[in-house]
Each structure stands twice: as C-alpha cells, then as structure tokens.
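Novice: In order, the protein sequences belong to chains A and Z.
Just so we're aligned: 314 in this note's numbering is position 314 of the first sequence, and the numbers increase by one with no gaps anywhere.
Just so we're aligned: 1149 in this note's numbering is position 659 of the second sequence, and the numbers increase by one with no gaps anywhere.
None of these hints come from the bench; they were simulated from the model.
Take the hints with a grain of salt, since some may be wrong.
[Unchecked claim] Facing chain Z, from chain A, some residues (calculated, C-beta under 7 Å):
no.	residue
1	V44
2	W198
3	P324
4	L434
Virtual Cβ for every residue (Gly too), placed ideally from N, Cα, C.
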Amino acid sequence: MTGHVLSWTTFFPLIGMAVILAMPRNRPNLIKWTAAAASAVPLVLSVWIFVNFDRGEAGLQFVERVPWIRAFNIEYFMGIDGLSVPMVILTALLSFLCMFASWNINKMVKGYFALFLLLETGMMGVFCALDFFLFFVFWEVMLLPMYFLIGIWGGPRREYAAIKFFLYTLLGSVLMLLSMIALYLMHDPHTFDMTRLWTEYGVYGRTFQLIVYVALFIGFAIKVPVFPFHTWLPDAHVEAPTAISVILAGVLLKMGIYGMLRISYPILPVATVYFAYGLAVLGVINILYGALCAMAQKDLKKLVAYSSISHMGYCLLGMAALTPAGMNGAVLQMFNHGTTTAMLFLLVGVIYDRAHHRDIEGFGGLATQMPVYTGIVTVAFFASLGLPGLSGFISEALVFLGAFPVFQTLTIIAVIGIVLTAGYILWTLQRMFLGTLNEKYKSLPDINGRELFTLVPLAIIVIVLGVWPMPVLDLMRRSLGWIAEMAQRV
Amino acid sequence: MATNMPADMVTSLVLILLLPLAGFAIQMFFGTRLPRKGDWLSTGLIGISLVLGIVMFIRTLGVFDAGYARQVHWPWIDIGGFRVGMGILFDNLTAVMLMVVGIVSFLVHLFSIGYLHGDVRYSRYFGYLGIFSFSMLGLVLCDNLLALYVFWELVGLSSYLLIGHWFEKKSASDAAKKAFLTTRIGDVGMFIGIMILYAKLGTFRFDEIFAAVADGEIGGSLLTWAGVGLFCGAIGKSAQFPLHVWLPDAMEGPTPVSALIHAATMVAAGVYMVGRLFLLFTPEALLVIAYIGLITAVMAASIAIVQTDIKKALAYSTISQLGYMITALGVGGYTAGLFHLMTHAFFKALLFLGSGSVIHAVHSQEMPDMGGLRKKMPVTFWTFLVATLAISGVPGLSGFFSKDMILGASLAFGMEHSSHLIIFLLLLVTAGVTAFYMFRVVFLTFLGRPRDEERYAHAHESPAVMTIPLTVLAVLAVGSAWGGWFQALVVKPELGQYRTAAVAPAVPGGEHGEAHAGEHHEAVHDETTIPDALHADPEGHETHVAGGDHADHGAAHRAHQIAMITSILAAGLGILLAWLFYGRRLFSAETVRRRLAAVHLLLSKKYYFDEIYAVGVVGTTLWVSRAARAFDTHVVDGAVNGTAWRARGFSWFIGLFDNTVIDGMVNGVAGTVTAWGRQFRRIQTGKIQNYLLGLVAVALILAFVRLVRGF
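Please model the entire structure based on the sequences and the hints provided.
Specialist: Put into structure tokens, the structure is as follows:
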C-alpha cells in the first residue's frame, strides 16, 4: 500500500462511492457511516505521509508513474512535494470532518455522499498530479460534483449560484485548457510532464510566456478568487450546504494559488517576475476590498465568504514577493485559512441549524445562552483577525515581513487591513454574542457533541500552529525555496 | 550587554510566566466546577509567580549593578532565509517590571475576590486575569520585537475580554470593541516600524538592533521613521493623543481591572516599550515622543478637572500621567520616565482600588452621590489620601521623587534647547492641575457632608480582602521610591556598549550580522569585558540622545533644584485651590463654571474627540464599506449578470435561427444521420481542439437550457 500511497489516498473515496451507490436508498445511516469510513482512510494515509515525508528534500516524493495515453505522451504521474503535502493533509482532514458536518442531510442521502466522495477524489488528485493533463482531468472531475452539490442541496437560490459557479469555473477551465495545449504544443517533444516543463522552460519565448501566464492566471484567479473574478464566491457560499461551503473555502480556493505556484511560477519565470507587482497589487485589493465588503454584510455567511476573499489576498501578496518569508507565509496562510474558515463555516452552520437564519442583526446576547459555542466562535474569529497565539497571525506576519522589502508602499497599505479585519470581526462578535439575549432564543441549545467533534480538532490545530508553526513550515520550506528559485531564473 | 542566563534563572522566569497561563486554562475548562469557582487557585498561582518574582528581584538587588543583564534565546521559526527566536531578557528594568506586575496583579486578584463576589462569570473573570498576567509578564520578559508584538496584542485581547466582562451592557461591549480597535490602529504603525527594522537589519532582537544602530548600519530618516512607527504602538496602548479616546470608555470594565490593566500595567506598556527600545530613537523621533506626551499630559489633565464620575476622573488622570512619562522619555529622561511608571503603578492602582471600594459601598460612580465617606470608610479614605498625596507630588512620597525627576529632566532639556522650555513649563502647570483635580476628588468623595443620605446610610467599609490590598499599596505608594535604589539600577543605556565593529575589532564584523542562537552569546560575552573602554567614547550617544540627562552635571543639578522647588509650589497651589473650592467652599465651582461656560462645555465634551472620530473615522469607514458592497453587487456582479443576460439573449436568437433556418434546411432522417455520423467521426480525430470545442459547446448548451428555464 505504501508504494502507492498517493493513489490510495486519491482513489479510496472512489471505492467508497461505488460501495455507496450499491447500497439501498433507505439506509441513510449506513450510507453516512460508509462515507465517513471512506474518507477516514485518506486521512490516516495523509497522517502517514506527514510522518514519513522527508523534510530535508525539496523535490518530489512518493512518486508514481505509469504511461496512460501513449499517443499523446500522457502519463499517470503522481507525486508530492512540500507545496502539496499541507494541501493533501488539509483536504483529507476537512473532507473527513465534513462528512460529520453533513450528518443532517436527509434529501437524497445516497447521491450527496456519493458525489462528496467523488469530489474528494478530484481534490486529492489535483494536489497530487504532476502531469498537466492529469491535473486538468482531476480539476474537471472536481467541478461536476460541486455543481450538483450546490445546485441540489443548496439554499433557495441554489440554481443561480450553481450555474454561476459552474460557468465561471468553466471559463477558467477553458483558459487553462488552452494554456495547457499551448505549453504542450510549443514544447519539443510534446509533453504534459510538469517536471520537464519546469526544467525546460527555456523553449518558451517571452511574449508566449506572458500570454500563457495571463490565460492561466485568469483560470486560477477565478478559483482564488481574485478581484474582480470573485462574485461567484459569495453566492456559491451562501447557497451551498454547510459542509460544501467548508470544502469550497477550505480546499477549492487553495487550488488557484496552488496552480499558480505549481504551474505558472516554475514554467513561466519570465512572466512571473514581470507580473509580480501586478499580483501584489491584486493581493492588496483583495485584502482591503474583501474586508470592506465583509464589513457591510448583513448575512453572516456572506461576511465569512468575503473574509475569505480578504484572507486569500495575503497569499497573493506573499507569493508575489518571492522571498522565503513571503512564499512560506503565503502557503502557510493557505493552510491556516483552510482550518480557520472551515471552523467559521461550520459555526455558521451550527447557528443556522438552530435559528434558521443568518442575519447578524437578528441575534444578540448568545454568549449567555450558548457559552461553549461562543467560546469556539471567539477562537475562530480571533484566529481570523490575526491574533498572535493563533495560527493566522504567523502566516500574516510572514507575508508582511516577506513582502515589505519588495513592495514597501503596498505592504504598508495592506497592513491597514488588520484594522479593518478586526473591525468587522469584533463588530460581528458584538452584535451576535454580546448584549442582552433575544427573547426568542431563550431555549436555543448549546453546541452538541457531533458539532464539537467537527470543530475541536480544527481549534486545536489553530492554537498549536499559532504557538509552534514549525510542523507545517518544516514540510514546505525547502520546496518553496526551490519554487522561488525556479521562478526567478530570468 | 547580556550574558547567558543560568538554567535555574530560566526555570524561575518561565514558571513566573506560565503559572498565570495555567490558571487561565484551568479556569476556562473547569472553573465553574471548582470549589469557590477557583478564585483561590488563580490567586494562588499568581501569588507563586509573585514570590518567584520577588526572589528574582532580591537577587538583582544583591548584584546591584546597573549593567546587569542575562539573556536566553531559543529558535522559534526557521525557514531558511527567515529566522526568528523567542527569548528572555532579564535586566534591572525587567526585574522592576516583574515586581510591579506581580504585586499589582496579585493584589487585584485578592481585591476581586471581594469586589466580584457573586458575579455571574466569576471563574471566567479570574481566568481572564490569568491570561492578562501571562501576557503582561511575557511583554516585559521578551527579548525581541516580534515577541513584543505578540504579547502586545495578547494584552490587548485580555483588555478586550475584561472591559467587556459585563457584556450584557451595550456600553461595555462598545467600550471593549473601541479599546481593541483604537489600539490596533497604533499597532499598524508599530508593525510597520518592525518591518522597517527587519527589512534593513534582518533581526528582531533588541541587542542586535542596538548593535546595528551603534555600528551605523541604520540611521537617519529611516531610523526615525522606524522609531515613530514603533511609537505609534505606544500611542495606542498608552492612550496618548490622538488615540487616547478608548481609555476613559474602558472604565466600563470592573474596577479592579481598571486598576490592573488600565492604570498600572498594560497602559504603561507603551512607556516600557519606549524605554526598552530607547537606543533606537533618533533625536527627531524623541522630539515627536516628547510633544505627543506633552499634549496628552496637558489635555487629559484639563479634562479631569470637570469629570463627575470618579473612575473617569482617574482615567483622565492616568492618561495625563502616562503623557508625563512619555514626555520624560522624549526629553531624554530615561530613568525619570520609567521611575514614574513604577511609582504611578502603585499609587494609581491604589486610587482605582480605593474608588472600587467606594463604588462597592455606595453603588454609584458619580461623585455627586458621595461625600463624607471618610467616617464610614476610614481605611479606604486614608489609603486614598496617601495615594492622592503621592500623585500630587507631596515631598517624601514616591510620586514626588519620580515627578520631580521628570520636571528636572525637562527643565535641563529646556535649558539646553531654549525653544523647548515650554515642555517644562506646561508639565509644571500640569503638576499643579493634577494636585487640584485629585484633591477635588478627595473632597467630593470623602469629605464634606453626604449628598445622598440614603446611599451614605448603606455605605460600609469593605471587607479585609479588599482593604489589605489597599494598605499594602499605600505602603508602596509612600516608600517604594526611597533609598535611591531605582535611580542607581535603571540607568540610561549607552549605545556605545553595543558597538561591535568599530571598538571591538577582535570580534569579526561578519559574526554580528549572522549571529543567531548560540554563537552570538559568546560574541556578546567577550564584549562585556570591555565596557569601560566604551564609556569613554561618547560620540555615538551624544549625536543620538537628545540631551536631558546629558547636560553637564552642574546645570543638571541646578535644573533639578529649580524643578523641585517649583513643583512643590505647584502642588501646594493646586491643593490649596482645591481646598478653597471644595473644602472651605470659599469660591464656588458653580460660579466659575457659569462664567466659563464655553470652556466647561469643551472640557466636559472632552474636546469633541469622540464626536469627530465617530463621524470622521467610523462613519467614513462604514460609508466606504457600504459603497464597496454596492459596487460589488451592482458593478462587478452586475457586469457578470449583464454578460449572462446578453449571452441568454444571444442564445435565444441562435435557438430561433436553429429552429427555423437550420432545421428547415435539414430534410430527412438520412441527412440527419449523416450529419451526426460526421460529427462523431470528427470527435475521434484525436485533435485536442475538438475537445475544447466540445467543452465550450456543452457549456453553452447547459447555459442555454438553464437560462431559458430561468434562473
């Protein structure tokens, strides 16, 4: 098993999906437990990967390689480095927890969990694939279940949100496909092998690089999402069921940044350096614009969605700087945002399940009625506003410290974001949890055991990485150093 | 310069730091299930911390060396190309701060047992006190800027939690939010300062930064900006103009919290920071610091005169006194500023706890509801009076010595740079005003006739658990400055002693730059053997430090004498006026108020800062955020939806075209089959372009179907 650990991690959920499809429709609990078990295996494997990953190695590990479509030189080529490992762990963890967050789904249970497992396979595949074609296949595999999960199990405007998500992502896919084909055709011999594209980047001319970079960038920017390609996100988040919002924000958004770092950076160094400043500008816009929009939201879930836009801006700023602190900060921010925002969406789900609305102004004084819930919200909120001692601070600080020497003015402007973030978070905290309790919520039950089970592991990660971030930084620092080097071979 | 810290010292200091944190964790998870809700546990843990702190302090006294410093440093984050460590720097200043924080925190814990008896969130309150003590101790123990920022934010968190302890009240939750946000604005500047220093020097460690400054690796306007940036943090945390507005509101927190956080320790963190980083402030930066402090001192003192809420009066007094300390540091009075930090911590904590005792007795914070409480609450009265005498600068008490030093330093600075003589003059006036408003509080609260008979009838002296802390603090407010030990131990650092390249060629120059972790300690160790040689070279610091303590001894002595005499006069005058107004009632405050109605309005409205900020800052930000939302919905998303609409219209047209024209032309099954066959054959050509075409087509069809059926 260990020889093919990545294949097992990626495809085990697919086995689970097949089993679920074979199950009778009227056994929802059996289906749920099967799904949980099927997503537990990748989690265990990712822990194994975490333990056995060689931290001193910058290159690829656990590589699997077999020819797939010989005619086009397409391979089944899987492997991970320090950039992928945190994402693989994050995907496995969030998928597993989200199975439990989906426990009260009772509409078409079989379909939901089957699609969810298919989604997990797609996500894992994206982070493990090293053949561009394979990467693209996984990327598309992921899109389909996501469309149905939002469109069928979502909120009142689910169809609008799903189609918007789908079309937007499809536009990105088309651009990515075009870029992929261009890279393939312009390389002699034709290949989709990313490792060869990285090392033999010299075949691509300057203009070609710039054009392909832009096309790829739009494709990835839609996923991040980068302003102005972001408006699918608030709709998709608001309409998606809780667990799907968690996956969307926790994993899918990371794929945009991952794609840029995995593909654009090493393959298109000329363009990377050329566009670095622009990328940083977009990052700062994301940070400030996202925070300002978040501040004006009345729907809690929309607020969290916009906060994601803001927080992904830090990744852009950090990676644009191409410094060790900036790069590590950006990827650590991906991981930290994954855990923090997952907590936030789970917490939104908890209150929505009880009060059946998400209107921030409609609450008040919940701290007295739901003290445990409030405590966990406080941890997640403060992690989100970058309080030292919690994980978000480390990545934000690294991003700022890494970006400042390169983009001084931009970074100074971006630092203002920490006040805006604190502003909307504390204001929300006050409106929902402080003050006097709304009479109609006198009997609201506090958070239950299942919900705690989904939240506590994330809270522990947020606190531990806030105090001691080296476990994650150790995984990625060498590979990121290598990527930064590759991106600056001009 | 610091030498390596012995292991037993590390253990003690780490214990001092972590015991309150353990208290926090225990209270959060098990607090309500413990007997007495765990108040004894929290108090006991901070008590052990305090005892260890006292042991460390006595050890320091035993050494009695102004240059005493021990340091330990561990790696924390290392990603190759970016390294930051965590460490403890223990010198005389740290020892004093540990003592101050430990004593006040312990006494406040004790006092709270009485004051918050029966509170709804009693155990949580003690937990928060624990995390505050942890953060504050960390702030004074750490040895680098990033760690300082970490604990800086954490004290802000605990302040937020404790101000909002009674969060059912809107005013309390507003105040908590305001405190956090206002101080965070300052923290932006502080972080920018840290970024400048790191980008230039590649280190966060105090000693390495000082060494770089001494070696001239950084200087000029860049260093000034770094210093001003860092000072912004102090402006926020120490409630300096123009970010002082949060501190009066913070009085919404329980009174013991006001004593601990918003009087004695956290708000003094800005002063501590300026002192700790003193060597990196350029003369220009120090001048900014001096004037910000001066404006704060004068402004807040004037507002304090008209307050009727006893806590608000004390809050403005705190702001004013913090301005005093900041000014002192700005004019180069390093020892004076930090000295006042310590004495102020004791007498101001005492004043707040005393006011807490009064509030506990009369259930009101309004001084018009009080009066004559001296007879009912003798211990509270006498201790409060002692603190008032101390803050007024009456000779013999602790506040006198430190305030006198500040005035001396500012006069010496003014004599050296006559254009800045105004600093001394205004500080002197403020000293008089301070004495006036503090005695006003004493007269209104404890003396005269009770103005509210009912409240007076129910008033009673507080229990021993509250009066013992008052008594202990009273002793400290009187005697903590005696013996001149502070002036001997906390002496202005010299930049020269950090110089590596120029003076100590034996140490390779490169070593300093990359010196991290272990190897650095040895380099540092070598240098400590030649400190005297460094003192002989005043160049570095004369250009760097803006006068003050540096005027020649004769002038300094003369300045000191003038300052002492005038400050005693100012205090006496202030007390006399307060007595005439509120004791003898020879003058009527009411008449003055009516005569100076405009001034009174301006003061009682606190110079309209809150109103200006509410419109200018909060209002603008909210307006911009709503504009951003509108832009997002209508412009950005509008463009997206508009595109969808146009695509929908276009596809409708194509559909029509397809149905009437195309379909009309295609006749017969055979033709259709042929067409399909051709289509399928084309897919299998293996041309990737076709795949793309198919993808787009599917997308369009899907979009078409969805859109026609309506969104």
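Novice: Looking at the structure, which of the earlier hints fail to hold?
Specialist: As far as the earlier hints go, 1 and 2 are violated by this structure, in ascending order.
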